[in-house]
Amino acid sequence: MKTLNELAELIGGTVVGDGEVEIHRVAGIDNAQPGEITFLANPKYLPLLQTTQASAVMVKPGIEAPGVSLLVCPNPYLAFAKILTALHVAKPECRGIMEGAFVDPEAKIADGVTIYPGCVIGKGVTVGSGTTLYPGVLLYDNVTVGEDCLIHAGTVVREGCRIGNRVIIQPKAVVGSDGFGFAPDGGGYFKIPQVGIVVIEDDVEIGANACLDRAAMGVTRIGRGSKLDNLVQIGHNVKVGEDSIIVAQAGIAGSTEVGKHCTFGGQVGIAGHLKIGDNTMVGGQSGITANLPNGGVFSGTPAIPHRNWLRASMTFAKLPEMRKEINRLKRQVEELQALVKEG
Amino acid sequence: MKTLNELAELIGGTVVGDGEVEIHRVAGIDNAQPGEITFLANPKYLPLLQTTQASAVMVKPGIEAPGVSLLVCPNPYLAFAKILTALHVAKPECRGIMEGAFVDPEAKIADGVTIYPGCVIGKGVTVGSGTTLYPGVLLYDNVTVGEDCLIHAGTVVREGCRIGNRVIIQPKAVVGSDGFGFAPDGGGYFKIPQVGIVVIEDDVEIGANACLDRAAMGVTRIGRGSKLDNLVQIGHNVKVGEDSIIVAQAGIAGSTEVGKHCTFGGQVGIAGHLKIGDNTMVGGQSGITANLPNGGVFSGTPAIPHRNWLRASMTFAKLPEMRKEINRLKRQVEELQALVKEG
Amino acid sequence: MKTLNELAELIGGTVVGDGEVEIHRVAGIDNAQPGEITFLANPKYLPLLQTTQASAVMVKPGIEAPGVSLLVCPNPYLAFAKILTALHVAKPECRGIMEGAFVDPEAKIADGVTIYPGCVIGKGVTVGSGTTLYPGVLLYDNVTVGEDCLIHAGTVVREGCRIGNRVIIQPKAVVGSDGFGFAPDGGGYFKIPQVGIVVIEDDVEIGANACLDRAAMGVTRIGRGSKLDNLVQIGHNVKVGEDSIIVAQAGIAGSTEVGKHCTFGGQVGIAGHLKIGDNTMVGGQSGITANLPNGGVFSGTPAIPHRNWLRASMTFAKLPEMRKEINRLKRQVEELQALVKEG
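Protein chains in written order, with this note's numbering: chain A, 159 to 501; chain B, 159 to 501; chain C, 159 to 501.
Possibly wrong hints are sitting among the right ones.
Identical copies carry no separate label here, and so any pair may be met within one copy or between two of them.
[Claimed, not checked] The list that follows gives simulated cross-link-like pairs (lysine-lysine, DSS-like), each with its CA atoms no further than 30 Å apart:
#1 Lys202 / Lys433
#2 Lys266 / Lys281
#3 Lys281 / Lys249
#4 Lys476 / Lys433
#5 Lys218 / Lys160
Hints listed in this document are in silico derivations from the structure and should not be mistaken for laboratory results.
With the hints as constraints, model all of the structure from the sequences given.
This is the structure in structure tokens:
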């Protein structure tokens with residue numbers, strides 16, 4: 159529970175009304191009760207400000223509502239996220255190394271770490287304070303996990319990989335699987351050893367069942383603050399810059415370098431050995447087969463500028479009709495040619 | 159082992175011949191032995207009816223075969239599935255809570271439940287009778303699992319999610335991972351807490367390594383009887399209606415509502431915040447970016463009616479030729495224009 | 159550590175210079191130190207041969223460098239892989255059945271097997287000598303695993319499936335999940351029992367979080383030497399021939415038969431009940447909906463010969479312009495028709 163003044167300080171907002179009212183929950187504007195804070199997301203709900211039972215309402219600047227305590231904030235979406243976190247997200251209880259966890263005696267586990275049953279922690283592993291390893295987390299030898307991480311159930315991190323601070327990994331992600339590299343050897347293939355690692359920098363989030371391959375040699379790197387969704391595939395030696403967003407089921411092939419602040423839609427595929435500039439956006443299901451400059455928006459396979467793709471896609475359905483018209487024009491032109499020659 | 163009469167009763171079919179013959183297995187028509195039942199899937203195999211060693215043959219109405227016991231059924235595919243189930247699928251042996259399973263003392267485990275080694279069951283979990291948790295199933299606190307479920311090895315269900323009765327989950331699915339929600343915060347992103355749950359209704363099947371994200375607030379829901387294949391991604395707050403089929407590697411983005419009796423092909427992508435009507439079919443690899451009415455069939459990215467897409471796709475390969483013809487027509491028309499003007 | 163002569167024998171190469179020099183590591187040509195071997199991948203780095211500190215350099219035939227020990231080999235990429243393996247990849251230490259592993263008393267575990275904590279091994283399982291089961295590997299009853307396999311953490315193999323020798327499975331793959339088969343039953347679906355198995359032949363590699371469904375009846379088979387990348391989906395009753403390569407996030411639907419030496423790019427989708435010939439290549443994200451002959455190269459959805467697809471794709475972006483030109487031609491032809499008739 160927090161006072162409205164405390165929430166205002168948290169989000170850098172301004173209170174209009176009673177700042178000492180106590181808030182214990184977030185709720186929708188139509189069913190909020192006393193003790194709850196709600197938010198006005200859409201101006202069409204303005205009349206509800208007069209009837210809401212909520213103890214306070216988050217609003218954008220410029221809205222007035224006599225008799226209702228307001229929390230005025232320039233970025234209500236961000237404020238909502240921060241207040242929801244403050245009121246609804248408890249730091250996981252510290253339970254230490256629990257019965258049923260197998261921790262190698264040579265692992266270094268800081269104070270304030272929770273390791274649930276079913277976890278297996280290898281030799282030389284380091285886990286920083288405040289980190290929680292949910293059930294069934296499997297850390298191979300010499301893995302490093304930083305402070306205040308949440309590593310959800312069933313996640314595997316293979317040997318030597320390094321995870322920064324405040325990293326969140328959803329259940330069953332795989333960090334450090336072998337990259338996919340084989341040298342042709344007669345009719346078959348010889349496995350190229352994958353002796354590099356994966357480095358996940360601070361404040362990254364990795365989705366459920368995502369796969370991050372270790373480098374052949376060197377490092378596969380996910381930059382600070384980047385967010386990878388479920389079932390994303392990251393090939394060996396890929397670099398993803400800071401604060402990039404990769405939506406579910408997208409894949410990046412080996413050795414590609416992605417810039418900062420990029421956003422890739424769901425099911426995007428990016429070929430290997432490319433350079434993708436900063437602030438690049440790629441539409442869902444697109445396939446990138448060439449380097450991309452900074453700041454572009456691309457769609458399609460192979461990808462082209464998004465606006466071109468939208469227009470071309472609209473025309474695609476008309477292809478059969480276009481073909482008929484071309485054939486009709488050919489006949490008409492032939493007729494004209496005959497007529498003109500005759501003439 | 160069952161008699162042919164018992165099988166007939168099971169599937170609502172009719173026996174022609176000896177109903178008391180005992181059947182213990184299903185086999186192919188060309189290698190079936192006495193004691194086995196087979197089926198005539200294709201009329202071209204009719205002659206095999208005279209030579210099969212099988213004790214009985216499932217056939218559609220209208221087929222006669224003197225000297226062979228027939229099980230006549232209007233829907234042989236369904237009958238085959240039911241008989242295969244009756245003869246080949248044993249209910250898993252009840253083994254109780256096995257050594258090596260970690261069950262919180264505050265969990266409520268019904269009689270007749272099997273919990274294999276490597277399972278970790280949190281506080282406040284409820285598991286209904288007849289349910290089997292295969293090795294390494296990890297249930298966070300306050301999860302509810304109904305009766306007669308098969309939860310295969312390595313599946314994770316996060317806090318508070320609810321699973322109905324007779325639900326089958328293939329190995330390593332993830333239920334209740336955080337939805338993918340972040341509010342821009344300066345150059346980076348602030349995590350939006352995902353405080354909702356996932357509800358899986360009765361008779362649903364979930365594929366291996368599928369991911370179902372918990373709602374931001376409220377519920378992500380998979381309707382009764384729906385079947386999700388391997389590696390499917392379900393975003394936060396998605397609703398899937400009853401008896402819908404989602405084939406492998408398809409993904410549905412956040413807040414989209416899918417109707418009943420839909421069928422989505424493999425690798426389909428559906429954007430967020432859409433409404434997809436009942437009985438909708440979407441071809442494999444298609445991308446849906448707009449609401450769809452009831453009962454349509456769609457393909458392509460962005461999707462268009464399937465027939466249009468088929469025709470347009472056939473024409474696609476001819477694009478370079480069409481372009482050349484347009485250029486040729488342009489020259490011819492220019493020549494004609496010159497000739498006509500001269501004339 | 160090996161002598162240069164030993165490495166030459168290993169790869170079938172020739173030493174020019176000091177064959178007795180001892181080599182303990184592989185390194186890049188610009189930072190290699192004494193005791194290390196490096197390789198000249200690109201002729202533009204030839205001058206570095208004069209300055210490298212490396213004790214030896216792998217080169218193609220025809221390169222001379224007085225004063226530097228050379229290892230001349232016809233296929234440097236393959237030689238590099240073999241030398242990297244010889245110098246950097248240790249056979250996993252044999253640790254036996256470790257505390258925290260649950261092995262059914264009726265399982266047959268050969269000598270020289272390592273089973274890490276968190277593994278659960280069912281009744282009637284057989285594991286061959288030299289195999290390592292990393293933490294959390296879950297083998298259902300009657301699974302067979304051959305010799306010298308590496309089964310990485312969290313992998314699940316369901317009942318009765320058979321894995322050959324020298325197979326590598328990356329973390330959390332699923333082998334033997336139920337195929338996706340349901341018979342319509344009124345408005346809903348009746349599950350078709352999946353009573354077959356998966357057979358993985360010798361020298362196969364399976365990627366992280368890949369899913370291989372068991373056959374409905376019979377066998378789903380991955381042929382000797384084939385390599386499947388992360389998050390690949392293999393439907394029930396699929397056959398993959400020998401030495402085929404399937405890149406990440408590709409999927410093959412039920413009952414399709416894939417030949418030998420095929421290469422499928424990332425996110426490829428292949429429909430069910432098809433025959434794909436030997437030596438077929440399919441470009442990333444393509445969708446195959448028809449049988450393919452031996453030796454072709456295909457792209458697109460539906461796939462067409464790769465060269466046609468490249469040309470058609472280049473033209474795609476010009477569709478709106480083509481449409482405008484067709485409309486312009488129509489007007490011009492109408493004008494000409496009017497003029498000619500008048501004339």
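Honestly, which of those hints from before does the structure not fit? none
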